[in-house]
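Starting from the known structure of chain D, fit chain W onto it as the hints suggest.
Residue numbers (this note's numbering), protein chains in the order written: chain D, 2 to 285; chain W, 2 to 285.
Think of the hints as simulated: they come from the structure by calculation, not from any bench. You may find that some hints are simply not true.
Put simply, identical chains are the same to the list, so a pair is met inside one copy or across any two.
[Stated by the list, open to error] Straight-line Cα separation of at most 25 Å, SDA-like style, residue types lysine to any residue; simulated pairs:
(1) Lys78 / Pro281
(2) Lys78 / Thr227
(3) Lys78 / Thr277
(4) Lys78 / Glu11
2 protein chains.
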Amino acid sequence: MTGELDALVERIVAQVRARVEAAGGTPLPAVTGTWQDESALRLGVAYGADRLGTAAHEPTGPLAADLAGLIDHTLLKPTATRRDIEGVCAEARRHRFYSVCLNSTWIPLAVRLLEGSGVRTVCVVGFPLGAASTEAKASETSSAVDAGAAEIDMVVNIGKLKGGEYDAVLEDIRSVVRAARSRPVKVILETSLLTREEKIAGSALAKAAGAAFVKTSTGFAGGGATVEDVGLIREVVGPEMGIKASGGVRTARDAARMVAAGADRIGASASVAIVTGGEPKDPT
Amino acid sequence: MTGELDALVERIVAQVRARVEAAGGTPLPAVTGTWQDESALRLGVAYGADRLGTAAHEPTGPLAADLAGLIDHTLLKPTATRRDIEGVCAEARRHRFYSVCLNSTWIPLAVRLLEGSGVRTVCVVGFPLGAASTEAKASETSSAVDAGAAEIDMVVNIGKLKGGEYDAVLEDIRSVVRAARSRPVKVILETSLLTREEKIAGSALAKAAGAAFVKTSTGFAGGGATVEDVGLIREVVGPEMGIKASGGVRTARDAARMVAAGADRIGASASVAIVTGGEPKDPT
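Bound conformation, chain D alone (with noise of 0.2 Å):
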């Protein structure tokens, strides 16, 4: 990473940081990172060798099957009735899916479908627009947390974080992460609504809130998940946390380019096309 970076990434968070602690509030965890650091760490551990093992840069032959274990199979769209989700928590449990990722409403239903599966439940939060109330993205984490949703994936106030207005940024996410109760939370950044300094910023804000991945995407504002992003995302986050790539993963050669650039999830509709080799269905 370069200098120039770094640079940007502290300022960003030293001034978050003095905001709070004029303010009285709790310290800031540090957010050091490791974009300082071009090591080998960096370039085998945090571009997902971890888990997929060496064959992680090369997308070919055994990757698509360990991809399942990657996956959020999910399923967002406004109209979607119980019988899709069901059927969304039936291929999960088929292909082993990491995990179903819904909206909140269906967070009880798929926790109960998915009981004994080993597959977990995801919940977005403030979704697609994240442009909810603190208050209103806390109390449906809460809810989702109590209904036994294992991880939770928010998104960023976009406004808020286009304005400059960091400490909002800042708290709004901490708040979620305190209402997740340990439970791990993503932030989306949208980043296809992002310049490269927003990137940046809502990377390390979501990393000093206590965040434990970046996501790229809703797949709902145009655009999604790019090389380019994923690789910016893991320098400004070290190895520490989790990339989901999300938006416009349709086939396992797009996924594995994702895995390969640094991510360590992968948000899809088009699972089972992923594992399977076949033709995705309608996105979203």
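For chain W alone, coordinates are given in the frame of chain D:
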């Protein structure tokens, strides 16, 4: 309204009422409406004439000026920043719009900016997918009301409506109505995603749950308000409820057609163009 439509609405309401009462819940308010009543009342009062005078069916002349008082001036893009919200609130003061309509993250700011202006602050809830949990919608509503929101525009649970889970749809709306503590609640159906039967069911359930308005669209799902949908909703809910036409209303002529069809509120981002006759800016 046809006897067929009558029977359909009554069947929906009877079904929900039986389930609620079997479960020992609070009895539903009667959903009598006046859809059985092809009277002058419906053609006069219900079709907006009470608020627009006799010009309601003739979208010319002084109507454009009168329209300002019917408009929820709307900015819901996730990329909107504090500066954009300030701009919308200034426009609403200048043109005396009925309200500004915003995502919940911006309610405290808008309430402060609009203090003393007579312009209300309207908050969207569960927006735009409607697939947030009932607890999340109620909490978002409660926080918005605490912050000074005057009205709540919630998105119906589209998937449960499509799946025929009418008791869940009803309880979702009722929870928001309770959390709104007597502030008017509008139920957004997202008509472009619904069949005719689903539009009827959604309207009947909104009325049964004690909502004040049915609203056509979020503006995020493609499609928007149509004259046919406004007329259909008016037939179902009768004259006691409001109808907000939103989505694709870009000119004074669009707005006047909606009012003539039965709308008594207009949701628009092109509000300034509507009242000045200028060119609309970018949508949403």
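Exercise. How would you label the pair Lys78, Thr227 (within, between, both, or neither) given a Cα cut-off of 25 Å?
Worked result: Classified as both: same-chain Cα gap 22 Å, cross-chain 23 Å, threshold 25 Å.
For this session: Classify it for me, Lys78 with Glu11: is the Cα-Cα distance of at most 25 Å met within a copy, between copies, both or neither?
Result: So Lys78 and Glu11 fail the 25 Å test inside a copy (38 Å) and across (29 Å) alike.
Problem set entry | Copy assignment of Lys78 with Pro281, given that the CA separation must stay at most 25 Å | within (16 Å within a copy, 30 Å between copies)
Exercise. For the identical chains here, do Lys78 and Thr277 meet the 25 Å Cα criterion within one copy, between copies, both, or neither?
Worked result: Result: close within a single copy only, 23 Å intra versus 37 Å inter.
Against the hints set out earlier in the document, a violation occurs for number 4 only.
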